[in-house]
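Chains as they are written, first to last, in the numbering used here: chain A, 1 to 189; chain B, 1001 to 1218.
For the record, the hints were derived by calculation from the structure and aren't laboratory data.
Backbone N, C-alpha and C define an ideal beta-carbon position, used for all residues, glycine too.
Each statement offered as a hint is correct.
Pairs of lysine-lysine residues, derived as DSS-like cross-links and limited to a Cα-Cα distance of at most 30 Å, are as follows:
| hint | chain 1 | residue 1 | chain 2 | residue 2 |
| --- | --- | --- | --- | --- |
| 1 | B | K1071 | B | K1218 |
| 2 | A | K123 | B | K1199 |
| 3 | B | K1102 | B | K1032 |
| 4 | B | K1032 | A | K176 |
| 5 | A | K176 | B | K1199 |
| 6 | B | K1071 | B | K1140 |
| 7 | B | K1218 | B | K1140 |
| 8 | B | K1032 | A | K86 |
| 9 | B | K1102 | B | K1071 |
| 10 | B | K1140 | B | K1102 |
| 11 | B | K1140 | A | K176 |
| 12 | B | K1218 | B | K1099 |
| 13 | A | K62 | B | K1032 |
| 14 | A | K62 | B | K1218 |
| 15 | B | K1218 | B | K1032 |
| 16 | A | K176 | B | K1102 |
| 17 | A | K176 | A | K123 |
| 18 | B | K1071 | A | K176 |
| 19 | B | K1071 | B | K1032 |
| 20 | B | K1071 | A | K62 |
| 21 | B | K1099 | B | K1032 |
From the derived model, a few chain B residues whose C-beta atoms are all more than 10 Å from chain A:
| hint | residue |
| --- | --- |
| 22 | S1069 |
| 23 | K1071 |
| 24 | A1110 |
| 25 | I1132 |
| 26 | A1170 |
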Amino acid sequence: MKNIHKIKVLTVAVAVSLFAFNCSNDDDDNMNNAPDFSGTYSQEDQMGRPAINTVFVSAASKDMFNVTIPSAQGAAFQSMFQTNLKALSPAYANPGDKNALGLDAAAFTGLLATDVLTVALDKPTTFYDGTNVLTGRNLADDVITVELILIFGGETGLTMSENPTLSNDNVNANDKPFLPSFPYLASPW
Amino acid sequence: MKNLKTVIGIGVIAVASFFVIAADHIDAPAVKGGSSDITDFYAFRGQNTDNMVFVANIQGLLSPSATSSAKFAEDVLIEFNIDNTGDNVEDLVIQAISKNGKMYFFGPVAPAQTGLNSTIQYTSTIGGVVDITPYGTNAKISTNGGMSFFAGPRDDPFFFDFAQYSAIIAGTATGGFNNPGADTFAGTNVLSIVVEVPKSMIAGSGTTINTWVESKRK
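Bound conformation, chain B alone (with noise of 0.2 Å):
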């Protein structure tokens, strides 16, 4: 809830009760604007079109002046999914965890176990390690195994209307959406984890794969 009262005059915290809408950004009561709230996820083609992306953000509608002191919770885990045969059920995890300034990942590799519960798998030779790039200054990269890492602040990529929609729902705004509409995330920032992953480590060619993220505490 820290994080929303920065952000004043948009009547988040007015309508968010009521009906909440967002990309997940505060999605549900127990996450909600804590250190596991999970704000976006996307999977998308890299430069390198042999590649994958995968981002997660967390911890959204961070203003500038709270970005600074926004971490990355030690004890939360995030997690990269992704079901290559079709069942829903993860094959592969990639995971990133974060420890004395730096995030470290493991995978793609098969998890101990599927589900709600995990355990970091830190034997995994496929992975890498790369310092969280403290606000304000350039984005600290690291690469391993054709593999890229990243993890720090960034813009919330995220764009919609929110309060207009939260104003349509509620009843108040009959005309519907405004042209131009107003971006509500913008000017607020996010905690980003991105990866980027060779396809051959995922899927054979031609595959579509499922795949979602998540936050687990430990």
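Excised from the complex, chain A in its bound form (with noise of 0.2 Å):
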């Protein structure tokens, strides 16, 4: 017992929740401690791309977006997602108008309407580095002139965009540099 609680001194810090749940006969002290997390959360809020609901989604179903599942978000929003994508931007206005993806309208909004990040666990994270397209989101990443250039920048969008002055806000950096290890992001204000 006296080893026990030794270790359960050491680790509470890190593992109280973990000793209070596994609870064996050793751990009643902990198991009368434990918080109760019991009953049912429901959902308010969601995200996987950065501007997605906030740029895409009519004001008036923007809460509906939020409380829809990931797999359920293609079939009752893709059409909206391109409906508002052409009113926004003039590099969709005509038949066959492509992005720097070579994704038009249609194509374009069905990837964006589902709103999860896709991240490929093996390569080097990015937003868009010029060679990797979407294989997570990194602190640094300038993703809303990534955004602005697809919207707005058509066919050559990376090189010579069909409308220059709405495909890059000239922000390209945060006000505050990250840090190399945990928790990378910086000190608050």
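Hints in hand, dock the two standalone chains.
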């Protein structure tokens, strides 16, 4: 018992919940102190890729988008996304117009309407780095400029945008440097 | 809305009802500015490239003076979802929920049920707990079973000239973006939850996962 108690003291800071809920007969103290996490938690917000709900979902549907499971989002929202994309950007005005990924309005919004972030476990993480596309999202990725290029840039958006003043917000980095190690995000202001 | 009022002079309130764009900040009427409002989601390889890092930020646009009183709500679950089979349905979740100044993490573990309603997987033997870092102190980090954990205020890592974009959409900036632009999120904070996980706990080598984050309230 004594040794077990010592171990518990050492690890309580990182594993109190685990000990508490794996309660053996020796763990009665922790079991009594276990937080109550019972009950059902119901969804209010969700997010995969940046700026999807905010850009492509019409005002009256934003709450609904947040409580539609990803596997149902495409069927429910692709059409709305396509309508809003074409209203937003002249780069899709003509039949056959595509973006720098070679996607027309239907294909691009078909990709976006399912709002999940694809992450390639074995590749360098980037939203887009010139080679890798959507292998995750790094803190320093200029995701807004990538999205602006794909929305406004047209077929040659990466090198010669059809709407150059709309394809880059000219804010290219965060206002504080990120950390090289955990927790990676900069300290608060 | 309280948080928004602290960001004066950037026109957020004026344009928010017309057309809101940010990463996911104040994205929808039911959640904007509240304790369940997700502002951003990141997933990237860690410093140790055998690990993946998941970041959920909530409660955006916190001014420094508002940050010390910002709290994780104890009735709000933040849930990282991982689909490793390509059907956009979560196969694993990492759940984070606060209690008495600590953030508890459960998983990666298969959820009891997929979809809009969750129960906490507190019988999971995988996870950990970390003291929530108070504003103005060094980051408090804990590790357990190869995972690392953090919860607390951080600088908002998102950057964007949201004000100019809003002006463009409103039709009052026909010249487009400025060069250089102005980062609307400069000097603002968020509440962050960061968890680093060995890839082997997520999926097999070479897998491309689909991942997203949810907030759920009891």
